[in-house]
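Undergrad: Chains A and W, in that order, are what the protein sequence lines are.
For the first sequence, my numbering begins at 2 and goes up steadily by one.
For the second sequence, my numbering begins at 3 and goes up steadily by one.
Take every hint as true, because none was put in to throw you off.
Now the stretches of chain W that chain A is said to cover, found in silico as 3 or more residues with beta-carbon under 8 Å: (1) 28-42; (2) 57-71; (3) 91-104; (4) 133-140.
The hints are simulated quantities; they were obtained by calculation from the structure and are not laboratory data.
A virtual CB, placed ideally from N, CA and C, is assigned to each residue, including glycine.
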Amino acid sequence: MNPLHGYLLLAALLFSIGLAGALTRRNAILVLVGIELMINSANLNFIAFWRYGPKPEALGGIMFAIFSIGIAAAEAAVGLALIIAIYRHYKTANVDQVSSMKG
Amino acid sequence: MDAAFVIIAGLIVISALAAMTLRNLVHCALCLTVTFAGLAALYLKLNAQFVGLAQILVYIGAVAILIVFAILLTRSDDQTPRAAIFSPGCWLGVAIAVAAFSVIAGAICTSPTSNAKSLSPSSVTVREIGDKLMRDYVLPLEIVGLLLTAAMIGAVVIAMQERRKP
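Please model the complete structure; the sequences and the hints are all you need to start from.
TA: If you want it as structure tokens, here you go:
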């Protein structure tokens, strides 16, 4: 079995775990954690394709992974700030009890 | 497929499953940190040293701490042991995830194997990465810097105490 296949299958499994968590958990923070897991699996794909790809000296996968990490950090900061604002308003962080957008 | 990959992959999958299924939110955050550390180890194993260390700095150092802070700031009082941690109708979500995994895994397993044998380990230096960032990727770099600044200001504005009208 190709080593690239192992990495791709691991990334697919991690993506599925994150997707299941983001779709099923009640707490909004855990939904965000699931999204982080999905972003990380995409990063693993970038690095694996860069390592086993035809032109590793072009550094395409590494550049994409670096920018992806930066954007994921911005997303986590804004998402957690939104969760804290929602908690302050509704006194809960469960997504099924926040059913209206207008306070 | 060597032993190190199998061990790290098992650690990643187990800790990710634990992070998504445990009841205590702090335990979830700790398992998530283990997942990030395993991914950083895989990056180091794939000869991407800079990305692995950036993963450790950004995810373990910043995002995990941020998640712990958010968990501690949003403690709800109904931490009764019988409160549901999954939303109603969660089997549909699990079914969607399983379907997505089967589709992706089928596509991976049926794809033709390229000549992706282990290339000569070309270790890329930080100097090359910085050179590339300052020459070819300077516009995306500036845009990411602008995005991070805007996100930081936006996060502060969103999470600020809203002013009560008298």
